[in-house]
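This note's numbering numbers the first residue of the sequence shown as 36 and each following residue consecutively.
If you are wondering where the hints come from, they were derived from the structure by calculation, not from laboratory data.
For glycine and all other residues, C-beta sits at the position ideal for the given N, C-alpha and C.
Just to be clear, a hint being listed does not mean it is correct.
To be verified - The calculated label-pair distances, taken between Cβ atoms and stated as ranges, are:
{"id": "1", "residue 1": "G177", "residue 2": "H59", "range": "24 to 30 Å"}
{"id": "2", "residue 1": "K66", "residue 2": "A195", "range": "32 to 38 Å"}
{"id": "3", "residue 1": "D96", "residue 2": "T133", "range": "15 to 21 Å"}
{"id": "4", "residue 1": "A207", "residue 2": "S138", "range": "24 to 30 Å"}
{"id": "5", "residue 1": "F204", "residue 2": "D111", "range": "38 to 44 Å"}
{"id": "6", "residue 1": "E91", "residue 2": "F199", "range": "34 to 40 Å"}
Said to hold, decoys possible - With a cut-off of at most 25 Å between alpha-carbon atoms, the simulated SDA-like pairs for lysine to any residue come out as follows:
{"id": "7", "residue 1": "K115", "residue 2": "G177"}
{"id": "8", "residue 1": "K149", "residue 2": "R38"}
{"id": "9", "residue 1": "K115", "residue 2": "T154"}
{"id": "10", "residue 1": "K175", "residue 2": "M61"}
{"id": "11", "residue 1": "K149", "residue 2": "I39"}
{"id": "12", "residue 1": "K157", "residue 2": "N42"}
{"id": "13", "residue 1": "K175", "residue 2": "K157"}
{"id": "14", "residue 1": "K157", "residue 2": "A190"}
{"id": "15", "residue 1": "K175", "residue 2": "Q92"}
{"id": "16", "residue 1": "K115", "residue 2": "L70"}
{"id": "17", "residue 1": "K115", "residue 2": "I164"}
{"id": "18", "residue 1": "K149", "residue 2": "E193"}
{"id": "19", "residue 1": "K175", "residue 2": "D94"}
{"id": "20", "residue 1": "K157", "residue 2": "V180"}
{"id": "21", "residue 1": "K66", "residue 2": "V180"}
{"id": "22", "residue 1": "K115", "residue 2": "Q92"}
{"id": "23", "residue 1": "K172", "residue 2": "R38"}
{"id": "24", "residue 1": "K66", "residue 2": "E91"}
{"id": "25", "residue 1": "K149", "residue 2": "E91"}
{"id": "26", "residue 1": "K149", "residue 2": "D81"}
{"id": "27", "residue 1": "K172", "residue 2": "H83"}
{"id": "28", "residue 1": "K149", "residue 2": "D93"}
{"id": "29", "residue 1": "K110", "residue 2": "L70"}
{"id": "30", "residue 1": "K157", "residue 2": "D93"}
{"id": "31", "residue 1": "K115", "residue 2": "R152"}
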Amino acid sequence: YVRIPINFYTIYYEATKYNYTSEHLMQNLDKAIELALAQDLYVMIDFHGWFYIGEEQDDYDEFLYCWTQVANRYKDVSEKVVFELLNEPWYTDGKAQTYLSDSRLNTMQAEAVKIIRNTGSKNADRLIILCTADGNKAWKLGNLVLPDDDNIAVAIHEYAPYNFTHQNFGWAGLSGKTT
């Protein structure tokens, strides 16, 4: 499969906020999906890189707005296209990185699943991938509330050993370290 990480917050919300056109960005995604499907690949549309999603109502509304737009746009494309609702959601208060609470994440994802399913067509049965809190960590699975839906998967990210998986990433504080 092909995983296409894309920041829908920037494309849909900030586009209207800052008055620029985002349709060309979505057309690029359309083309990427088309090319992958032509190679008989599954395509994961991954809502990636939204670093400002937090506990505020505006964040919740913007998240649902983005998935409403995506669901309506792709409701008739191949069932080989799957939706990953969020990738490692976190936010910063200007001082530190903070993860969404389990309850907020559960509520947001459950509502997004309903929105996607209600658009009908192939979205009625499309595979939807959820995440756990704290960066998609396995230890948070016990706090994840799965919707009553037969076509849900959960993405888990494990980066152990951290010094190996993040070597030479300056932002991880491991620049030049390999052990």
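>> Output the indices of the hints that this structure fails to meet, ascending.
In response: As far as the earlier hints go, 1, 7, 10, 13, 18, 21, 22, 24 and 30 are violated by this structure, in ascending order.
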